[in-house]
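For reference, the chains in residue letters:
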Amino acid sequence: MKILVCMKQVPQKDAPLKLNETGTWIREDVSYEVNEPDAYALEEALRQKEKHGGEVVVITSGPARAQQVLREALAKGADRAIHLEDNAFVGLDAFNTARAFAAAIKDDQFDLIFTGLQSDDYGYAQTGVVLAELLGWPHATIIMQIEKNESGIRVKRELEAGYFQFVDMPLPAVLTIQSGINKLRYATLIGIKQAKNKPLRKVSLAEVQSALGANLQKIERLYVPQKTKNTEFLEGPAGEVAKKLAEKLRNEVRVL
Amino acid sequence: MATTAIPKTKVSGGSFLLEERRPEEVFTPEDFTEQHQLIGQTAEEFAVNEIIPNAEKIEHKDFSVTRDLLKKAGELGLSSVEIPEAYGGLDMDKVTAAVIADHIAKYAGFATSWGGHTGIGTLPIVYFGTEEQKKKYLPRLATGEIVGAYALSESTSGSDALNCRARATLSPDGKHYILNGEKMWITNAGFADLFTVFAKVDGEKFTAFLVEKTFPGFSIGAEEHKMGIRGSSTCAIILNDCKVPVENLLGDIGKGHIIAFNILNVGRFKLGAMCVGGARVSLENSIGYAKQRKAFGKVIADFGLVREKLANMAVGVYTGESMVYRTVGMMDVALSEVDKSGADAIKEIRKAIEEYAVECSIIKVWGSEMIDYVVDETVQIYGGYGFVEEYPAERAYRDARINRIFEGTNEINRLIITGFLLKRAMSGQLPLMPAIKKLMDEVLSGPSVGEEVEGPLAEERKLVAQAKKLGLFAAGSATQKYMQAIQDQQEVMGAIADMTIETYAMESAVLRAQKIVERDGDSAAMLPIAMTRVYLSQAMEKIEAGARRIIAAVAEGDMLRTQLAILRRLAKYEPFNTIGLRQQIAQKVIERGKYTLV
Numbered sequence: 001m002k003i004l005v006c007m008k009q010v011p012q013k014d015a016p017l018k019l020n021e022t023g024t025w026i027r028e029d030v031s032y033e034v035n036e037p038d039a040y041a042l043e044e045a046l047r048q049k050e051k052h053g054g055e056v057v058v059i060t061s062g063p064a065r066a067q068q069v070l071r072e073a074l075a076k077g078a079d080r081a082i083h084l085e086d087n088a089f090v091g092l093d094a095f096n097t098a099r100a101f102a103a104a105i106k107d108d109q110f111d112l113i114f115t116g117l118q119s120d121d122y123g124y125a126q127t128g129v130v131l132a133e134l135l136g137w138p139h140a141t142i143i144m145q146i147e148k149n150e151s152g153i154r155v156k157r158e159l160e161a162g163y164f165q166f167v168d169m170p171l172p173a174v175l176t177i178q179s180g181i182n183k184l185r186y187a188t189l190i191g192i193k194q195a196k197n198k199p200l201r202k203v204s205l206a207e208v209q210s211a212l213g214a215n216l217q218k219i220e221r222l223y224v225p226q227k228t229k230n231t232e233f234l235e236g237p238a239g240e241v242a243k244k245l246a247e248k249l250r251n252e253v254r255v256l
Numbered sequence: 001m002a003t004t005a006i007p008k009t010k011v012s013g014g015s016f017l018l019e020e021r022r023p024e025e026v027f028t029p030e031d032f033t034e035q036h037q038l039i040g041q042t043a044e045e046f047a048v049n050e051i052i053p054n055a056e057k058i059e060h061k062d063f064s065v066t067r068d069l070l071k072k073a074g075e076l077g078l079s080s081v082e083i084p085e086a087y088g089g090l091d092m093d094k095v096t097a098a099v100i101a102d103h104i105a106k107y108a109g110f111a112t113s114w115g116g117h118t119g120i121g122t123l124p125i126v127y128f129g130t131e132e133q134k135k136k137y138l139p140r141l142a143t144g145e146i147v148g149a150y151a152l153s154e155s156t157s158g159s160d161a162l163n164c165r166a167r168a169t170l171s172p173d174g175k176h177y178i179l180n181g182e183k184m185w186i187t188n189a190g191f192a193d194l195f196t197v198f199a200k201v202d203g204e205k206f207t208a209f210l211v212e213k214t215f216p217g218f219s220i221g222a223e224e225h226k227m228g229i230r231g232s233s234t235c236a237i238i239l240n241d242c243k244v245p246v247e248n249l250l251g252d253i254g255k256g257h258i259i260a261f262n263i264l265n266v267g268r269f270k271l272g273a274m275c276v277g278g279a280r281v282s283l284e285n286s287i288g289y290a291k292q293r294k295a296f297g298k299v300i301a302d303f304g305l306v307r308e309k310l311a312n313m314a315v316g317v318y319t320g321e322s323m324v325y326r327t328v329g330m331m332d333v334a335l336s337e338v339d340k341s342g343a344d345a346i347k348e349i350r351k352a353i354e355e356y357a358v359e360c361s362i363i364k365v366w367g368s369e370m371i372d373y374v375v376d377e378t379v380q381i382y383g384g385y386g387f388v389e390e391y392p393a394e395r396a397y398r399d400a401r402i403n404r405i406f407e408g409t410n411e412i413n414r415l416i417i418t419g420f421l422l423k424r425a426m427s428g429q430l431p432l433m434p435a436i437k438k439l440m441d442e443v444l445s446g447p448s449v450g451e452e453v454e455g456p457l458a459e460e461r462k463l464v465a466q467a468k469k470l471g472l473f474a475a476g477s478a479t480q481k482y483m484q485a486i487q488d489q490q491e492v493m494g495a496i497a498d499m500t501i502e503t504y505a506m507e508s509a510v511l512r513a514q515k516i517v518e519r520d521g522d523s524a525a526m527l528p529i530a531m532t533r534v535y536l537s538q539a540m541e542k543i544e545a546g547a548r549r550i551i552a553a554v555a556e557g558d559m560l561r562t563q564l565a566i567l568r569r570l571a572k573y574e575p576f577n578t579i580g581l582r583q584q585i586a587q588k589v590i591e592r593g594k595y596t597l598v
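Those sequence lines, one after another, are chains V and S. According to this note's numbering, numbering within the first sequence proceeds without interruption in unit steps and concludes at 256. According to this note's numbering, numbering within the second sequence proceeds without interruption in unit steps and concludes at 598.
Isolated chain S (complex conformation) (with noise of 0.2 Å):
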């Protein structure tokens, strides 16, 4: 076997708009080292084993069966890649953190809870405690001894969190802060020790707080009865005259938001792989359950539209694996150069790992809205009996749905995406205006015969570059006209989100696939060969209609049929077979029951 190159070179957030990339650039699941494959393996077996056999219980909320998991799951070593050694974790990659993220979610109800526990349970203290809070609090977060949770919506405030009427006060004695008010929506809230809260300290400091379940004038609401990860618990918390010892004050007062929001884009990277390994279980009961289901005296997998859905599942898959992956490879790459030794190590980390903050919302939002694509299918798939409870597709698709609203609605990280862009634009640390003026340039002076593209993938990545420059075309008109307050412009702010994800996407299968030719040969990528060209062409049609909708609100009379002149020639191509390739896809999974990319 060929050496597989692992990427060593950093590069900057957001760039993959105006940058090529080099498949030796990307990490990819076929990069996975022999530890990975290990804790993937262990994190496998751990799902298959305990979690998926406890389902039953856990939906019907015995959570003391989820304590025990969360505890077993500490055990392994599952729950504290992302602490530090120092504090009884490992200290791991940011690959290993999404591998294990990955097959956890077998079973959403149970991931639910190891997500709110390792993720924004557990980091607000990795990432803004002192050093008594964290030796305090993070051996036992790694063990599962005590559970995180984290409270920081409100009946009348989500996404604008900074809204918050939870109140703090320090006490006469100026030992305690004594907090009032009550936070909504909180995951693990029925079985957790310990809460990050945010409240006003005097009314308007917005700032966080450490408080643990045992705390006078702490209390529980009622269990939410919820849509899906039913498996989960979802309650309000109560804080009335709650006393926290000062000492429990987390990072500065009034600079809570510096938590509440870096700690979402810290761990939002998993949620997408979270995404990407329940989508994988779908599509594997839909090949199941096609493969055995018969119809007109043949099993349905035989049926092109069946076909079509399992093939469209598993482009879902493969395009997902290969944008989670490269993210997390390009956080691990700059996370390498930190001096984890140095003072100001924590910051550094949490620099390196925001800096991918586009990357991340990207997969967050790509991943929710794929995974939400296949549990429809499947249920489609199994007909009515994926209607009822007694088959998993039911279930599957009831689970999904909160994907796209928690950790950031999608809508406020589509914001956060295009907002993201324009702020590193304008602050010239994203060369985004002088290629979007190269551009604009070049195709106002006509037609021009595009750059020969040599070597495998050659029209793959030809289309890639295509995508790039209708979005940043259609960026370009939209800055044009709004400047500044395109801020304001939210549907245009969505649109330009839509074609960076869908870039980002396209590039990322397009590497993958690359980076299996260059190592295997032709013969063996033919599956991710076909998988890719799939994707690109359902790409390439939303980039079409998001750069339409933005020239058609900016522009018009002459202006506008140029305009659209100009997208007609950026958005052309040769289309693929996609009846073909899905035949073949489809042809592969059915064959060996499973996802698969040989």
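So here's chain V without its partners, still in its complex pose (with noise of 0.2 Å):
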């Protein structure tokens, strides 16, 4: 199985979130690390490529800085990897970002593409779906198992309240990759070693600019929640208050 996986470098979970007077995040002091879901995606697909064979392509879009997500993906398998390399990739919205990947990867054949559920700065949880409905391919979201079967796949989506979903699917196709479905595993030294002479393409924008269109989605504003705290007495009988405390539980906070 050929698999491609994407992901994306984000910010390290324990970043300060600072904004200047313009609303903007100030990154000066900021490190980075893989979107946790995609590195889940990435061991699953180095798994099946174990299990089946084939290739495992690691994909990725932004500056510099984020081909260092691609060597950590080469260190621990990963066969090969592209690099859409510009900063303005950093301010395309999910839909775009869909079509640079979709563009980039024309001339491949995968069996399958991988990318995290979503990612843990913007949580759009749209790149995935997109791109297989700019493919037309089927798609399946927050997978925790893939079985390969003579016809194509069977999945696992992890539905709410403890239920789960199982899916047949026909080849190629595009899922979402829920975190914590496995073992992540580490990046060997000799891996390391061995990931400086792997194959990365870079993919400059202008190679992919035809593909793209203007943002559907755009940030309007940034800004620190204000702390907000009301605090209520209800009085009365205690019957009568314990009727309006389930009222307000119920309609105001809605947790009931």
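Quick caveat, the hints were computed from the structure, so don't treat them as lab data. Please read all numbers here as calculations on a predicted model, not as lab measurements. Take the hints with a grain of salt, since some may be wrong.
Here are some chain S residues the structure puts well away from chain V; computed CB gaps all over 10 Å [unchecked claim]: (1) Q37; (2) T42; (3) G77; (4) E354; (5) E369; (6) R569; (7) G593.
If we take Cβ atoms under 10 Å as the criterion, some of the chain V residues that face chain S in the derived model are [unchecked claim]: (8) Q68; (9) S151; (10) K193.
Heads up, the beta-carbon is just placed ideally off N, CA and C, and yes, glycines get one too.
Each chain sits in its own coordinate frame; assemble them with the hints.
See the structure below:
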């Protein structure tokens, strides 16, 4: 099986969120890491390759620093990498990112494309789904398990309240992978040493520009939520207070 | 991002005292390659996910856990960067070795076992083994399938290891050496498989042997009850007519001292790296605690005297990193010039590392004293909670103490530093004497207008130059008085070592800050510059005190007064506002909740 894994470099979980006066995120003291669900997507791809053979290719978009994500994936066992390298990629919405990826891989024939379920920074959970639509492939989200069978694959999806759904799908397909479904491997030192010699193709903005359109989504404003604290005393006989409280919990706080 | 200059020119060991370095001539953590970073990440994840969750078990001496972890570390490649590829190793640079040691050091109990195994347990074979010995043992040491240990000390000989009582005699059939005696303080003894044991052949020729624990006549004593690093194994080993096959003789008969001293030299830099790694953890624990503990209605991280401690700890970590990575960077440049396929490759490699014996001793002494300061202040910040076992401060405090004792006591290392420099000076390898003479002429001819220093960190670089002069001046006065007999003046040798150590630390901090300024500009280097200034202030006090101590011992009357006048001139500078600088540093590390330079 030939599997593409879409990966994203995101700020580290403990990165300070500081904004300047114009509402722009100050990033100079931010360190970056691999988006966590993408790490699980990569791990799943490597496991599928170990079972069924094939190739694992990783792709990311972003400035030069994003290459670290690809090197890490290569060190863990991916065979080659594609880097859409330009600062401008950071500003693309999910739709445009998917269009850029689709354009960059047009000459490749993949059986499966994995993405993490969502990104730890913006959390749109859209890129994978949009990419499937652009390619005209079926997709399934929140994947917990993948079994290859004669007609394609059988996947286990996580639903709400502890329910799961099993879906039989043809190939090729796009799957968005849930965090925690497998145990992540470490990049071994020998893997890190070998990663240096694995192919890494760079794709410029110009090469995919014609596939892109205007962003459909944009961030209007970034701000730190203001803490508000309202204390309200319910008075009256116990029965009435309980009734009022239940009402508030149901209609205002909506926890009942 | 501007490209960083990674040093390519080889410099000789100890030359920092006489020559001025430019930032592009030193390696700093900012110069880590993508590969160094990835390896650091693997080591970090291994420490956080595998070592730390098991610390409690290991602390209670469940050494099966230690063995499992050594195996896992081996499988990841963390234990074989210093083993040649031909014997199952990865043969990577010393920066990598230091990066790994730095991260593994998060829990000292395991770090000691790992350090003992990969360092003194494995390196004797790497550097002195025969082809057969290397083939037989190194691949399994690399993977952690077998664990190594090093048996040099005895109950009555430690720093004077050559004075050992263990004996070896050749068996009548010439096939075995029969070893008798007892070795003490052997790290990993409780679970190791292979020991490098030192004994005297025929009672006089000091020699090393590779002894497997299964050899007849070999047994292991009880675990010592130690103050710290309780998660490591330390026992005596007993040799009772222990039969060691002649092919397990390591190196030449009567040449054991070469192995004994070199192995400590070639591994010492990693102890420096571990001290820095351990101190960083303690600092981060302290920040975390200070941010949540409240007193007088405020968190204690708001109090100046607590902030001052946090700042000092961060300065320690910064300076330590600067010294350690500068040192391993120098070794890597020297090692890159060795033809590894050559017949004398191993000898050349050893020589390239030994070249920096002074620097390695410096980072061992400095690092172990820095971490002791850091863990001490950590206990202080935790207050009563620092004194009980439930909090991390107490164990870290106990664990750090051994660093000043093992791998050559700090006293022995101080003598190595001054002794090595003097030896090089006498042989003319290091033009120390001409430099001293030039300085003496210069200072005796009266006050001169100091050379103007320009560019980034000009004031700081000037201070480093002054520190060097103070060191040379004091060393010059002492050698004039004692000549060769200075070797017998341990206190003077120690004071010269102190000044040398501080000078190296100062210069390493300045060069790193300078490199950051040149790459990223002044504003990005705010913290490194602040840390450097705080460090320089501390170091100048120590250097001045050291010089004063020496001068008072070697001169009197008018001579003493003249020399003191010179000293004051050399030590004169406008002080930095260290209170303000420490506030700046503390503010940032508290804000970030961790050690940071940005």
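Q | Non-interface claim for S:E369, where every Cβ of chain V lies beyond 10 Å | A | With a cut-off of 10 Å, S:E369 remains clear of chain V, as the shortest Cβ separation is near 30 Å.
Q. Holds or violated: is there a CB of chain S closer than 10 Å to the CB of V:K193?
A. holds, 7 Å
Q | 10 Å Cβ clearance of S:G77 from chain V | A | Violated: least Cβ distance 3 Å, not greater than 10 Å.
Q. Is S:E354 truly not at the interface, in the sense that its beta carbon sits beyond 10 Å from all beta carbons of chain V?
A. holds, 26 Å
Q: Compute the least Cβ-Cβ separation between S:T42 and chain V, then decide whether it is above 10 Å.
A: violated, 5 Å
(Q) The output says S:G593 does not contact chain V. Does that hold with a beta carbon cutoff of 10 Å? (A) violated, 7 Å
**Q.** Distance rule for S:R569, whose beta carbon must clear each one in chain V by more than 10 Å
**A.** holds, 42 Å
Q | Residue hint V:S151, partner chain S, criterion CB-CB below 10 Å | A | Status violated, d = 38 Å.
Q | Evaluation of the interface hint that places V:Q68 against chain S, nearest CB under 10 Å | A | Result: holds, 7 Å to nearest chain S Cβ.
(Q) Confirm or reject: S:Q37 is not an interface residue toward chain V, with every Cβ-Cβ distance exceeding 10 Å. (A) violated, 7 Å
Hint compliance for this structure: hints 1, 2, 3, 7, 9 are not met, and every other hint is.
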